[in-house]
Amino acid sequence: MDAELIAMQLFSGVALGAILVMVALGLSIIFGMLGVVNFAHGALFMVGAYAGLYVATLTGSFWWGLLIAPLAVGAFGMLIERVLIRPLYKRSVDDPLLLTFGLGYVLVESVRIAFGNEGMPFPTPPELSGVADLGIGYFPIYRLFVVGVVAVVLVLLWLGLEKTRFGLIVRAGARDPQIMRVLGVDVAKVWLMVFGLGVGLTALGGVLAAPMRSVDPEMGALVLAEAFVVTVIGGMGSLVGAVVAGLLIGIAVSMTALFAPEMATIVMFALMALVLLIRPQGLFGKPGRA
Amino acid sequence: MAMLEIEELNAWYGASHVLHGLSLAVEPGEIVALVGRNGAGKTTTIRSVMGLMPKATGSVRFAGTELLTLPAHARFRLGLAYVPEERRIVPGLSVRENLQLGLLAAGGRIDERAAIDEIARTFPRLKERLDQQGVTLSGGEQQMLAIARAMIAGPRMILLDEPSEGIMPVLVEEMGALFRRLRDEGVTLLLVEQNVEWALRLADRAVIIDQGEIVHSSSAAALLADKAIQERYCAV
Numbered sequence: 053m054d055a056e057l058i059a060m061q062l063f064s065g066v067a068l069g070a071i072l073v074m075v076a077l078g079l080s081i082i083f084g085m086l087g088v089v090n091f092a093h094g095a096l097f098m099v100g101a102y103a104g105l106y107v108a109t110l111t112g113s114f115w116w117g118l119l120i121a122p123l124a125v126g127a128f129g130m131l132i133e134r135v136l137i138r139p140l141y142k143r144s145v146d147d148p149l150l151l152t153f154g155l156g157y158v159l160v161e162s163v164r165i166a167f168g169n170e171g172m173p174f175p176t177p178p179e180l181s182g183v184a185d186l187g188i189g190y191f192p193i194y195r196l197f198v199v200g201v202v203a204v205v206l207v208l209l210w211l212g213l214e215k216t217r218f219g220l221i222v223r224a225g226a227r228d229p230q231i232m233r234v235l236g237v238d239v240a241k242v243w244l245m246v247f248g249l250g251v252g253l254t255a256l257g258g259v260l261a262a263p264m265r266s267v268d269p270e271m272g273a274l275v276l277a278e279a280f281v282v283t284v285i286g287g288m289g290s291l292v293g294a295v296v297a298g299l300l301i302g303i304a305v306s307m308t309a310l311f312a313p314e315m316a317t318i319v320m321f322a323l324m325a326l327v328l329l330i331r332p333q334g335l336f337g338k339p340g341r342a
Numbered sequence: 071m072a073m074l075e076i077e078e079l080n081a082w083y084g085a086s087h088v089l090h091g092l093s094l095a096v097e098p099g100e101i102v103a104l105v106g107r108n109g110a111g112k113t114t115t116i117r118s119v120m121g122l123m124p125k126a127t128g129s130v131r132f133a134g135t136e137l138l139t140l141p142a143h144a145r146f147r148l149g150l151a152y153v154p155e156e157r158r159i160v161p162g163l164s165v166r167e168n169l170q171l172g173l174l175a176a177g178g179r180i181d182e183r184a185a186i187d188e189i190a191r192t193f194p195r196l197k198e199r200l201d202q203q204g205v206t207l208s209g210g211e212q213q214m215l216a217i218a219r220a221m222i223a224g225p226r227m228i229l230l231d232e233p234s235e236g237i238m239p240v241l242v243e244e245m246g247a248l249f250r251r252l253r254d255e256g257v258t259l260l261l262v263e264q265n266v267e268w269a270l271r272l273a274d275r276a277v278i279i280d281q282g283e284i285v286h287s288s289s290a291a292a293l294l295a296d297k298a299i300q301e302r303y304c305a306v
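Same order as they appear, the protein sequences are chains A and B. When you line the first sequence up against the numbering used here, it's residues 53 to 342, in that order. When you line the second sequence up against the numbering used here, it's residues 71 to 306, in that order.
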């Protein structure tokens with residue numbers, strides 16, 4: 053086993069983790085701010101991939117798919133929050149959970165009806181095909197691109213949260229929505245946008261992931277499970293945690309696949325169990341916050 | 071026209087009926103002390119005015135605008151600010167950011183830097199700690215921050231829930247001077263207090279609430295002199 057192979061597999065894990073980061077971040081933002089565990093998040097990842105494929109086919113350009121699908125699915129997410137989830141805020145926390153759980157099935161079946169049961173190929177755009185020699189080995193250009201896009205999104209997200217007025221509202225609103233209300237902030241409007249943002253991120257993850265695999269109606273199920281593992285390891289509601297744990301899981305799964313392929317799926321649950329035993333609130337979570 | 075006019079206010083926490091047809095008026099530019107025993111309904115009155123009660127009926131007008139039909143966030147935008155008893159300094163945010171929260175509703179119409187400089191002159195203790203986490207301040211400093219956050223956008227009226235609670239006497243005196251200065255600048259204050267003596271020395275008028283109703287209303291000086299009524303409604 054040579055160093056080049058290990059480096060390639062490590063990088064492959066980073067690319068896999070980058071996708072997971074997008075999905076888990078959306079999940080974590082929505083939970084941290086709205087207290088809603090969004091079980092439709094995996095299905096929305098899948099819808100993002102299909103939307104990307106649809107737009108790319110329609111326009112003949114991957115780039116339009118990459119740009120429009122997250123925005124369109126994010127807007128769809130806002131509609132979901134406004135129409136389906138908002139009436140449930142004053143009720144038990146289980147209600148939004150059950151609703152999104154059911155919504156996930158509705159989305160999967162709808163896509164099945166519209167696009168069929170079979171997986172569909174999502175070709176890698178020609179300008180991003182092939183491999184690049186980085187001196188330590190050959191890396192698929194598309195994966196480098198994925199990591200780059202996720203890095204840019206993370207920087208923008210960080211700047212948006214730390215440096216803008218909207219970011220301040222989001223950070224404060226997650227901690228104390230009531231004080232925001234008596235300081236004149238329409239928290240409902242903020243929640244609407246946060247839900248849209250979270251859904252847009254998972255949809256972006258879906259479009260980015262699509263060329264590395266095929267697109268099928270069930271593709272969101274495993275991703276949702278992985279994203280939950282990531283948020284549990286990182287700490288529910290912690291954005292830094294989602295990033296670190298996402299990369300950690302991506303790399304762990306990828307490296308295990310190299311040495312013991314049959315253990316690849318188990319390793320992430322083993323990691324989760326380990327973290328729960330040692331640090332139940334997750335790596336970056338705050339203790340006692342449900 | 072009264073700055074704040076409450077008429078026949080009823081409020082409930084679930085099935086428990088807390089305010090029973092309470093009526094109260096606060097004139098522009100005065101300090102009114104709202105006193106009474108624990109559980110009499112002081113905090114509930116303020117929370118009803120700010121739109122934080124699950125159920126409230128009757129009428130609450132602020133500068134002529136009916137509040138009860140407005141969402142909570144719209145009330146602050148009319149120039150009605152609130153300093154809650156628990157202070158509610160937001161964790162994870164610096165002192166500066168907590169102050170910025172008070173300017174969010176203005177949506178950029180107020181120059182943030184100038185407003186923070188101005189408020190730092192009023193609260194020198196906060197000035198040295200602008201980049202510190204808000205929750206690491208002492209109790210008294212957190213109270214100052216909560217007041218600063220409520221007044222930074224220049225409200226017409228401030229509702230204060232037990233601002234003197236758990237604070238060093240020297241800071242309480244400082245706070246009293248600040249409230250007098252605000253009144254002289256034309257800001258109307260409704261002060262809910264357990265520290266009756268201090269509140270009455272500060273206020274122009276005094277109102278006693280008991281079991282969800284107003285039972286006494288007079289000048290603050292008159293109530294300060296009337297130990298019998300104080301004993302009857304405010305003794306713990």
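These are calculated hints, taken from the structure and not from any lab test. Only a predicted model underlies this, so the values are computations on that prediction, with no experimental measurement involved. Misleading hints may appear alongside valid ones.
[Stated by the list, open to error] Computed far set for chain B versus chain A, every beta-carbon distance over 10 Å:
{"#": "1", "residue": "Asn80"}
{"#": "2", "residue": "Ser93"}
{"#": "3", "residue": "Asn108"}
{"#": "4", "residue": "Lys125"}
{"#": "5", "residue": "His143"}
{"#": "6", "residue": "Phe146"}
{"#": "7", "residue": "Pro161"}
{"#": "8", "residue": "Glu167"}
{"#": "9", "residue": "Leu174"}
{"#": "10", "residue": "Phe193"}
{"#": "11", "residue": "Val240"}
[Claimed, not checked] Label-pair restraints from in silico Cβ distances:
{"#": "12", "chain 1": "A", "residue 1": "Lys142", "chain 2": "B", "residue 2": "Ser289", "range": "40 to 50 Å"}
{"#": "13", "chain 1": "B", "residue 1": "Glu156", "chain 2": "A", "residue 2": "Glu214", "range": "46 to 56 Å"}
{"#": "14", "chain 1": "B", "residue 1": "Ala184", "chain 2": "A", "residue 2": "Ala59", "range": "52 to 62 Å"}
{"#": "15", "chain 1": "A", "residue 1": "Leu213", "chain 2": "B", "residue 2": "Gly224", "range": "26 to 36 Å"}
Beta carbons: idealized from backbone N, C-alpha and C, even for Gly.
Of the hints stated earlier, which fail here?
Hints 5, 6, 7, 8, 9, 13 not satisfied by this model.
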